[in-house]
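These protein sequence lines are chains A and B, in that order. Position 131 of the first sequence, counting from 1, maps to 130 under numbering that gives the first Met the number 0, and the rest follow consecutively. Position 29 of the second sequence, counting from 1, maps to 28 under numbering that gives the first Met the number 0, and the rest follow consecutively.
Please keep in mind that the hints were generated in silico from the structure rather than gathered at the bench. Just so you know, even glycine gets a beta-carbon here, dropped at the ideal spot from N, CA and C. Hints may be right or wrong, so weigh each one.
[Claimed, not checked] Footprint (simulated), chain A over chain B, 3 or more residues, beta carbon under 8 Å:
no. : region
1   : 32–39
2   : 54–64
3   : 136–150
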Amino acid sequence: MALLQIAEPGESAAPHEHRLAVGIDLGTTNSLVATVRSGMAGVLNDEQGRSLLPSVVHYDGGTIVGYEAQARQSIDPRNTIVSVKRFMGRGLKDIAHVESMPYDFVTGSSEAEGMVKLRTAAGIKSPVEISADILRTLRERAENSLGGALTGAVITVPAYFDDAQRQATKDAARLAGINVLRLLNEPTAAAIAYGLDNGAEGTYAVYDLGGGTFDISILKLAKGIFQVLATGGDSALGGDDFDQRVFCWIIEQAKLAPLSPHDARLLLTHAREAKEYLTSHGEAPITVKLGSSEYVDLKLTTEIFAEITKNLVQKTLQSTRKALRDAGLAPADVKGVVMVGGSTRMPQVQRAVADYFGHEPLNNLDPDKVVALGAAIQANLLAGNHAGDDDWLLLDVIPLSLGLETMGGLVEKIIPRNSTIPVARAQEFTTFKDGQTGLVVHVVQGERELISDCRSLARFELRGIPPMVAGAARIRVTFQVDADGLLSVAAREQTSGHEARIEVKPSYGLTDDEITSMLKDSFNHASDDAFRRALREAQVEAQRLLEAVQSALMESAELLSLMEKSHIESLVARLQAVMIGDDRRAIDDAMDALNKGTAEFAARRMNRSVQRALSGRKVSEL
Amino acid sequence: MDFKQDHFTLFGLARLFAIDGVTLEQSYRDVQAQVHPDKHAHAGDANKRLAMQWATHANEAYQTLKAPLKRAQYLLHLAGFDPQIDRNTAMPTDFLVGQMEWREAVAESRAAVDAVELDHLHHRMRKEISGQYDALQHALDDEHDYPRAGELVRQLMFQEKLLHDIDDALEAVEA
Numbered sequence: 000m001a002l003l004q005i006a007e008p009g010e011s012a013a014p015h016e017h018r019l020a021v022g023i024d025l026g027t028t029n030s031l032v033a034t035v036r037s038g039m040a041g042v043l044n045d046e047q048g049r050s051l052l053p054s055v056v057h058y059d060g061g062t063i064v065g066y067e068a069q070a071r072q073s074i075d076p077r078n079t080i081v082s083v084k085r086f087m088g089r090g091l092k093d094i095a096h097v098e099s100m101p102y103d104f105v106t107g108s109s110e111a112e113g114m115v116k117l118r119t120a121a122g123i124k125s126p127v128e129i130s131a132d133i134l135r136t137l138r139e140r141a142e143n144s145l146g147g148a149l150t151g152a153v154i155t156v157p158a159y160f161d162d163a164q165r166q167a168t169k170d171a172a173r174l175a176g177i178n179v180l181r182l183l184n185e186p187t188a189a190a191i192a193y194g195l196d197n198g199a200e201g202t203y204a205v206y207d208l209g210g211g212t213f214d215i216s217i218l219k220l221a222k223g224i225f226q227v228l229a230t231g232g233d234s235a236l237g238g239d240d241f242d243q244r245v246f247c248w249i250i251e252q253a254k255l256a257p258l259s260p261h262d263a264r265l266l267l268t269h270a271r272e273a274k275e276y277l278t279s280h281g282e283a284p285i286t287v288k289l290g291s292s293e294y295v296d297l298k299l300t301t302e303i304f305a306e307i308t309k310n311l312v313q314k315t316l317q318s319t320r321k322a323l324r325d326a327g328l329a330p331a332d333v334k335g336v337v338m339v340g341g342s343t344r345m346p347q348v349q350r351a352v353a354d355y356f357g358h359e360p361l362n363n364l365d366p367d368k369v370v371a372l373g374a375a376i377q378a379n380l381l382a383g384n385h386a387g388d389d390d391w392l393l394l395d396v397i398p399l400s401l402g403l404e405t406m407g408g409l410v411e412k413i414i415p416r417n418s419t420i421p422v423a424r425a426q427e428f429t430t431f432k433d434g435q436t437g438l439v440v441h442v443v444q445g446e447r448e449l450i451s452d453c454r455s456l457a458r459f460e461l462r463g464i465p466p467m468v469a470g471a472a473r474i475r476v477t478f479q480v481d482a483d484g485l486l487s488v489a490a491r492e493q494t495s496g497h498e499a500r501i502e503v504k505p506s507y508g509l510t511d512d513e514i515t516s517m518l519k520d521s522f523n524h525a526s527d528d529a530f531r532r533a534l535r536e537a538q539v540e541a542q543r544l545l546e547a548v549q550s551a552l553m554e555s556a557e558l559l560s561l562m563e564k565s566h567i568e569s570l571v572a573r574l575q576a577v578m579i580g581d582d583r584r585a586i587d588d589a590m591d592a593l594n595k596g597t598a599e600f601a602a603r604r605m606n607r608s609v610q611r612a613l614s615g616r617k618v619s620e621l
Numbered sequence: 000m001d002f003k004q005d006h007f008t009l010f011g012l013a014r015l016f017a018i019d020g021v022t023l024e025q026s027y028r029d030v031q032a033q034v035h036p037d038k039h040a041h042a043g044d045a046n047k048r049l050a051m052q053w054a055t056h057a058n059e060a061y062q063t064l065k066a067p068l069k070r071a072q073y074l075l076h077l078a079g080f081d082p083q084i085d086r087n088t089a090m091p092t093d094f095l096v097g098q099m100e101w102r103e104a105v106a107e108s109r110a111a112v113d114a115v116e117l118d119h120l121h122h123r124m125r126k127e128i129s130g131q132y133d134a135l136q137h138a139l140d141d142e143h144d145y146p147r148a149g150e151l152v153r154q155l156m157f158q159e160k161l162l163h164d165i166d167d168a169l170e171a172v173e174a
């Protein structure tokens with residue numbers, strides 16, 4: 000039981016206030032929410048004591064999420080969305096097995112262009128909105144169980160998610176009213192939970208086979224730093240594909256006629272159950288009576304199952320080989336392999352991994368929970384709930400190369416895959432024609448040489464280049480990837496200083512207007528008071544900023560002249576004065592002024608801390 | 000933000016091609032432990048921006064010094080010598096002939112789906128490259144012979160690219 004904290008008389012409890020922060024594993028099959036309480040990471044259960052929330056959403060008059068929705072999937076498959084994660088940031092043409100899915104996909108000229116949308120009883124829904132419904136359920140679970148509004152959440156994504164998929168996940172969180180502290184790669188989250196729990200040091204691999212995605216990450220753990228050396232995978236390979244193989248095997252063996260959506264869903268459910276049964280049994284009986292009054296009665300043995308899924312397992316090992324090669328390592332260099340994701344329970348997967356690395360994989364953490372726990376630990380750190388000794392740092396990478404389209408449909412890579420983030424890189428380009436005054440910048444992600452084989456992220460135009468002869472203009476394009484792995488791109492014509500800058504909104508992302516209107520809709524539906532929530536958020540934000548500035552002033556006031564110090568103090572006083580009121584604009588303005596007014600101070604502090612870190616080390620080495 | 004200091008100074012290293020890898024690694028980690036955005040997640044916006052710029056800079060500096068070819072180019076840049084990578088394509092004839100033979104061997108092994116031979120080529124190329132880096136270190140650190148170093152840098156760009164192509168072929172053959 001968590002004990003209540005009582006402050007010393009006369010001492011405010013506020014600076015030590017424990018901020019409510021959670022880690023969310025938004026999975027293809029199941030989702031979880033976890034938090035750190037009294038120094039221990041734990042998963043938060045629902046009122047019935049269940050930790051998993053099936054990532055299933057059912058739409059009829061209202062919205063039902065989780066087990067209740069799952070119970071309806073064979074009764075009303077069209078309005079019951081499972082594995083929505085596979086649709087995030089994806090167009091219809093990207094999705095495998097569309098034909099066997101029971102959904103009513105929106106097709107047609109303009110609608111079919113962007114991210115897929117589904118027609119449901121509750122109207123047309125995008126994967127972002129469906130995911131937001133799952134996230135909202137988890138947020139409510141967390142707020143009920145922790146007894147307060149969340150400061151923020153760390154949400155996990157497959158390491159191999161591209162920019163469009165990451166952006167879609169962040170949009171879904173915004174829509175669910177969650178402040179995203181960080182998008183964290185799932186295998187990295189698992190490594191944090193495993194590494195901190197076991198005091199691990201050395202090179203580890205995380206093999207993460209979930210419901211719909213596969214990731215492999217190679218990490219170096221040393222002295223509190225988790226450094227990702229390389230990552231690889233397949234964002235469309237997971238347990239669902241094993242189900243699909245069994246499903247096809249059943250159809251083939253039982254010589255079934257084309258199935259109704261209802262029968263397809265029923266058969267898929269039996270396929271999944273048979274797969275799970277084989278985890279601890281030598282063979283699984285499959286008996287189904289279909290709506291078409293056809294009857295299926297088959298036995299699936301471990302051997303047949305291993306045979307029909309062999310090339311799926313091989314695909315994961317291919318990605319593993321590639322990641323190791325990128326890290327410049329051999330299988331023998333890896334000290335341990337942490338197994339993550341429910342699909343790693345399959346015996347043939349365990350065996351294949353053991354054979355490849357030459358030792359038994361590590362299964363001592365619950366593969367369903369380890370990602371959420373790692374995310375909770377990072378959320379706790381990012382929210383500022385320092386426990387003193389938990390001083391560790393994560394250095395992660397981008398999974399896919401980022402580049403630009405050049406003449407002839409070729410790709411010029413600007414940032415190679417497995418670069419440590421944050422990272423920035425600039426490259427100069429020039430004009431192709433005499434007098435050319437505009438330039439289209441086409442940003443892509445992927446490893447292939449041809450534009451058509453890479454994923455298009457964004458296009459923007461740089462206009463107003465002064466007319467020059469071909470090849471004379473100097474256009475500098477800068478890519479910046481932040482710590483969430485999200486990209487922004489700027490282009491600047493050097494001679495005229497003409498600039499075009501965009502935050503990359505992937506071609507399949509939502510515009511800010513779309514998000515705003517969706518947010519309005521969701522507030523209209525719920526009794527949530529948008530205004531009060533926004534004000535409260537601004538106040539929390541202001542409080543956080545004040546604490547940061549005050550502790551900086553306490554620690555290193557000597558870096559400021561008396562005049563500089565009193566200027567900052569006056570800005571602090573102004574923010575303190577307005578933040579108790581309800582004028583959100585005034586709070587934002589005062590925060591902005593304090594942020595600007597302390598920029599130089601922050602820079603001096605940063606310079607000094609770098610100097611101290613290095614000189615401290617040198618002294619101790621002498 | 001003092002980005003004017005060179006990368007060697009940033010990490011407390013001597014300005015040499017023969018680098019102390021352990022110190023580089025340790026200094027990089029020490030710097031990141033101070034400046035990484037995760038360490039400033041609850042600070043103000045200005046501070047967060049600064050943290051991102053610093054962490055980006057530290058990553059760039061580390062990558063430049065860690066990769067030998069980039070390190071050599073950076074040293075030439077600091078010495079004010081331009082190796083004219085884009086313009087100067089003159090290469091000794093025997094080097095070019097050697098490169099063509101290498102490329103043929105890789106293409107043949109790839110066509111024959113011969114992973115063993117490709118692996119063999121990979122190791123041979125590695126060895127050749129390692130000898131070139133020894134020569135580069137001598138040219139930069141001992142002789143300060145920048146034109147010679149520039150020539151080696153241009154050759155190594157070919158050789159590193161070839162090694163990369165061998166790895167690609169290996170990947171394609173193993174798939």
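Structure-based check of all given hints:
no. : hint    : in the structure
1   : 32–39   : holds (count 7)
2   : 54–64   : holds (count 6)
3   : 136–150 : violated (count 0)
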